[in-house]
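Trainee: Line order of the protein sequences matches chains A and B. Residue numbers 1 to 188, in this note's numbering, belong to the letters of the first sequence in order. Residue numbers 1 to 313, in this note's numbering, belong to the letters of the second sequence in order.
Just so you know, the hints here were simulated from the structure itself, not pulled from any lab data. Glycine included, C-beta positions come from ideal geometry on N, C-alpha and C. Keep in mind that a hint or two might mislead.
[Claimed, not checked] Pulled a few chain A residues facing chain B out of the computed Cβ check, cut under 7 Å: (1) Lys6; (2) Phe21; (3) Ile177.
The primary structure of each chain is shown beneath.
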Amino acid sequence: MMNMDKIRLNLASRPQRNMRFYHACLVVLVFILVILTFLAGFFFIKYGFKDRQAKSSLGTVERQTQQARAEETQFKTRTDAVSKAEKGRVELMNSIIFRKAFSWNALLSELESALPDPSYITSLAPSFVGEASLDLRIKVVSKSLDDLLALINNLNSRNFKRIRVENESADERGQLITEITFNYGRAL
Amino acid sequence: MKLLPELKRLQDRFLEVPLPDAVFQVTASHLSGLRIAPRERRAANHFISRLRPGVVSPSFGRTNIPDVSLLESKVREGMAKIGLGQGTVAVLLPELCVRVFILNLDSASLSQKEKEKIIRWRIGKQMPAVPEDARFVFQEFPAGSSKRIVVAVSRGAVLQEYEGLFSRCQLAAGNLSLPSLSLINLLPEAGEDTLVVNVEEDSLSFVAIIDSKLALYRQKSFAFDQAPGKPLVQRLAGFLKEVENTMHFLEDKEKKRIRSLWFRSGLPDAGVDIASELRRLLALTVRETGELVTQGSGNGESGLLSPLFGQLA
């Protein structure tokens, strides 16, 4: 037609349009949707199966944990019962072991090193307290108050606790006779 | 470089409006239809059905189809003949139910809304009583620095009559156009200045193309004298007068003399005779639009069916 565009006047209420592009897009979208649905289904089944497996394993583990807890509780109960039943004997045994194993040498060495040269001990009364400590009562003769204080300081700096001066008197030569109590605790 | 034609094909496939399944033409005197084979872009089958007077009464303002049931049955008969069950169709409406205007628009940089506004205003100047339900469609053609705009106006109620008719026959009328405009699409490329004349039983339409641009559209209610026994020369007198008037108007307006005329007759009985008489009486090269139909419809029906073939072009 005469180098002129074709006349395409259209009075229709719903003009015919080329919907191929939209249809093509729709087909592509439907295809993608189908693929996604397939993948979703695949992953749902796959991970659903794994989930069931994991839940089953978790259940087994939980059952085992509960079983272990129950066993632990049982064991603890038994241990407590045994511990209660044997407590007296154990304490006695420990006390005996402690007494047997107590190093008198070490105690006397400590006392010796704490005692100033001019002072001397006239009596020593030990008594075991509990399983691992020893109460001591000593009578010390010191030439002066300074020697007594030096002794107390030395005892303080060693393994001696609760040092208390109980009694004090002077003899005919003017020496101080002092009664001291203290506690000696030493690990076995 | 085979890529470009392939791209063009792809572009056409996704952007060009696809061909309908069939083209129908409704006039006061007949109903015709052409089945289209869309892949081959060719006519597959056709029918022409004569209508008795009063079945279709083409008019711009009034009801067009007084006898809807009869026309519907004719459409169904035609569908059966061309083997069409349902689908999309293009319908060529009677010339008289649509008004066509050709306007020049100098402002090239207008938005679509502005163009519509201007077109409505300019049509309102030429057509004082524009109906409220008037539907406007327009197409732009380049004309130098300005634009030439072809506008078609019709009443929504009238268009719905035709759309409803085809819809009841399971056909979606996706394209409503005019026979005379459809004929333009058939004209050969690089043709000379020409006048296309379309004669129907109740109307005359003229479309002039000058310098490869639409220059004139004229439509006239015209009762062709078909009195039996009266010599054709006498019967053609009124028609010839209208052709001459149009030629003179064009000569005055465009300062050009048209020497070629394409003629199409919608009168099933007298088309060939009129063309030969026109050749004899007018100092013009007169050709029938049927010659432009390359696909044979046979037995002299190509002229009558030529507007339908225009939809294939």
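Trainee: If a hint holds in the structure, say so; if it does not, say that too.
Mentor: Hints, one by one, checked against the model:
no. : hint   : result
1   : Lys6   : holds (5 Å)
2   : Phe21  : holds (4 Å)
3   : Ile177 : violated (125 Å)
Of the numbered hints listed earlier, the single one contradicted by the structure is hint 3.
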